[in-house]
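Following the hints, complete the assembly by docking chain P onto the known chain D.
There are 2 protein chains.
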Amino acid sequence: MKSISSFAELTMHLSSLNSRERIAVANAVDLHTLDAIFHAVETGIAEAFLIGDVASIESPRLFEQEPSPYIHIIDIPEVEQATVEAVRMVKSGEADILMKGLVNTDVLLRAILDKEKGLLPAGNILSFCGALEIPKYHKLLFFADPAVIPSPSVEQRIMLIKYSIETTRKFGIEKPKIALVHATEKPNPKIRYMQDYMDIMEKWRAGEFGDVIIDGPLDIFLALDRERGSIKNVPSPLLGDADVLIFPNFESANAFYKGLMVFAGAEMSGILQGTSKPVVLTSRSESVESKFYSIAMACVIS
Amino acid sequence: MKSISSFAELTMHLSSLNSRERIAVANAVDLHTLDAIFHAVETGIAEAFLIGDVASIESPRLFEQEPSPYIHIIDIPEVEQATVEAVRMVKSGEADILMKGLVNTDVLLRAILDKEKGLLPAGNILSFCGALEIPKYHKLLFFADPAVIPSPSVEQRIMLIKYSIETTRKFGIEKPKIALVHATEKPNPKIRYMQDYMDIMEKWRAGEFGDVIIDGPLDIFLALDRERGSIKNVPSPLLGDADVLIFPNFESANAFYKGLMVFAGAEMSGILQGTSKPVVLTSRSESVESKFYSIAMACVIS
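Here the protein sequences come in this chain order: D and P.
Going by our numbering, 130 is the number at position 75 of the first sequence; the sequence numbering is gapless.
Going by our numbering, 63 is the number at position 8 of the second sequence; the sequence numbering is gapless.
Bound conformation, chain D alone (with noise of 0.2 Å):
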C-alpha cells in the first residue's frame, strides 16, 4: 500500500475500497454532522444510522431528496437514550464507527467509559489523535494529544505513541517517525517532561516499539523544518520529516494545531483512541468538511 499524504488520497483510498464502514451517529441532527455523513455516503465509504431526535432534525436534505438506502433512522427522542444505543450498537457489532452528533461531550464520555456497555478495554486509555494536513508540509502530520489527556504520565505517554504507531501504519506509513516535541532539544532531566523522554528514548533503543524511528526531545524546527533544524546542528534521525509529534501537554498540542488552523490553511481530523473501534469526536464548531476528514480518518482506521 502506497502511504497516504493528503486528505483528497484518503478519500481516493476508501473510495478504491468499495466497502462501507458502517457509522452510529449519536443524535445526529445538527447540520453540519448531517451534511458530512450525507458527503460520506456519496463518496461510497459509509453507511449511516442517525439514532436521535429525528423531529429536532436541522437538515431539509434529508426529507427531500429520494432517500438513500445506506441511511437508516433510528428515532430515540431522549438524546442519553440515543447515545446509550449508539454504542451498543458498535458493541455489539452492529456498526464500526461510533460518531458524536449534537450530544454533550461529557454525556458521550460516560456512555464510551462504561465498564459493562462502553467501548473502553480495560488497561487502555481514552486520548485523541489528530492529523493535520498543511499547505506547507510534505505529508500529513499526525499529533496527540490536544484534547483528552492534559499531562501524560510516562506510561500514558507510551500508550500514545504505540496507538500513534497503529494509526500511521494504517495510513501505509511503514516506518513512522515519532517526534517527542519540546520547548528544546537540550536534554536536562530538571524540565518537566524531559525524564519522560529519555526513558522512553531508551526503551526505543532498546526495540520496544518496533521498526520505527523515534527522537527527542526535538523542539518544531528539529522536527518539522530541515532548513532551521540543520543550523541547529543537531543531527537527527527525522530532522524535518517527523510523521507524529508526540506532545508535552495539551496546552501545546492544542495551541499548535489552532495555530495553524489559523493562519497556515491547515485542515485537521481526529478520532479518539484507545476505544475497541474507532470514535468520530468533533465540536459542534467544525467545518463539514473537518468533520468529513474525521470520518474517513475513522474508515481507514476501522
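What the hints contain is simulated information worked out from the structure, not anything from laboratory work.
Treat the hints with caution; some may be incorrect.
No copy is singled out in the list; a pair is fine if it fits within one copy or between any two copies.
[Said to hold, decoys possible] With a Cα cut of at most 30 Å, we get these calculated DSS-like pairs of lysine-lysine:
1. Lys245 / Lys217
2. Lys258 / Lys191
3. Lys191 / Lys230
4. Lys287 / Lys332
5. Lys191 / Lys170
6. Lys172 / Lys258
7. Lys241 / Lys332
8. Lys170 / Lys241
Structure of chain P alone, referenced to chain D:
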C-alpha cells in the same frame, strides 16, 4: 502616537525619531549578529559597542569599508570577561541595551543575574516577550513566555502581564487586549492553570491592571479568529483581536510560535523582560532579519 502594527512600521517609527540607542554587544563576532547590528546602525536607530574577541570576527565588512562613527570595537578576547564588561556598560548607563553575540546563554544569564553587578532589580522576574508578525493577522502579536519560565506561578504570571502591558504601550497600543490562553475556554479549577486564570480575572475586574482588557481562559480560536471564535458563542471583549497572548507554559508558547514561523510565514522579534534595561537574546540559528527586529524592539522599549 499611532500604534505600531508591523515591523516595517516599527523601523519607520524609530528612524523618524532621529536618535540612536547605544547597544553593548557581548562578543559580537558571528555574521548574523554583525549584519543585524550593521543594519541597525545604517538605519540610524543604533550606535554599537562590539565587545569581544576581535580576532575571531566572522564579518569581513567591518574591515573592508570606511568604519562608521557609530561602531566602536572593544577588544576583550576572553568571552566571559567581554560579557561582564557589556553588562557593566549597560548598568552604568554607558549603553542603553544589552545584546548577546556568540556567548553561551548561561554565561550571559549569569552576568545578568549577578546580584551586585547584574541587571535584574530585586523583586523582578526574568522572562521573555516575543512579538510575531503573521501575514494573516492584522497587527503584531505579543506573547510570553516561550523560553525562560517553564510554568509560571500566579505571581509570575501577573508580572508577565504587567510587563506585556508596558511593552505594548511602548508600541502605542493604549488599551492592549490580553488573552489568557488555554486549550479550552471553560474555566474548570481542576484543570492546571485555570484557578490562576480565574484569580487574575478577578484582579482585573477589581482594576489591578488599569485600563486594559484581559480575558481568559480563551483558546486560540477565540483569541485570534473572529469567525471561528464566533461559532463558539462565547462572548469575549477581545474576540479575534488579541494584542497579547499569555500562554499557560513555555511548551505551548514555543510550539505555537515555531509552528507559525515554519508554516505561516511569521517573523519574530523578542527581548528579555524584567531587566532594568532591554536585553536582546537571540539564538545563533536566527536570521539577520529576526535579530534586527529584536534590536528594533529593544530600541522602542528602551
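Given a CA cutoff of 30 Å, do Lys191 and Lys170 count as a within-copy pair, a between-copy pair, both, or neither?
Intra 43 Å, inter 47 Å, cutoff 30 Å: neither.
Between the shortest in-copy and the shortest cross-copy C-alpha distance, which are at most 30 Å for Lys245 and Lys217: within, between, both, or neither?
Both: 26 Å inside a chain and 28 Å across chains, each within 30 Å.
Given identical chains, is Lys191 near Lys230, meaning Cα to Cα at most 30 Å, within a copy, between copies, both, or neither?
within (22 Å within a copy, 35 Å between copies)
Could you place Lys172 and Lys258 in one of the four classes (within, between, both, neither) given a Cα distance threshold of 30 Å?
For Lys172 and Lys258, neither the intra-copy (35 Å) nor the inter-copy (46 Å) Cα distance is at most 30 Å.
Using 30 Å as the alpha carbon limit, work out where Lys258 and Lys191 are close: within a copy, between copies, both or neither.
neither (33 Å within a copy, 42 Å between copies)
Have a look at Lys287 and Lys332 and pick one of within, between, both or neither, based on CA distance no larger than 30 Å.
between (42 Å within a copy, 29 Å between copies)
My question is about Lys170 and Lys241: at a cut-off of 30 Å on alpha-carbon distance, are they close within one copy, between copies, both, or neither?
Close across copies (27 Å), not inside one copy (42 Å); limit 30 Å.
Pop the pair Lys241 and Lys332 into one bin, within, between, both or neither, using alpha-carbon distances up to 30 Å.
The answer is between: 29 Å across copies meets 30 Å, while 38 Å in one copy does not.
In the structure shown, a violation is registered for the earlier hints numbered 2, 5, 6, in ascending order.
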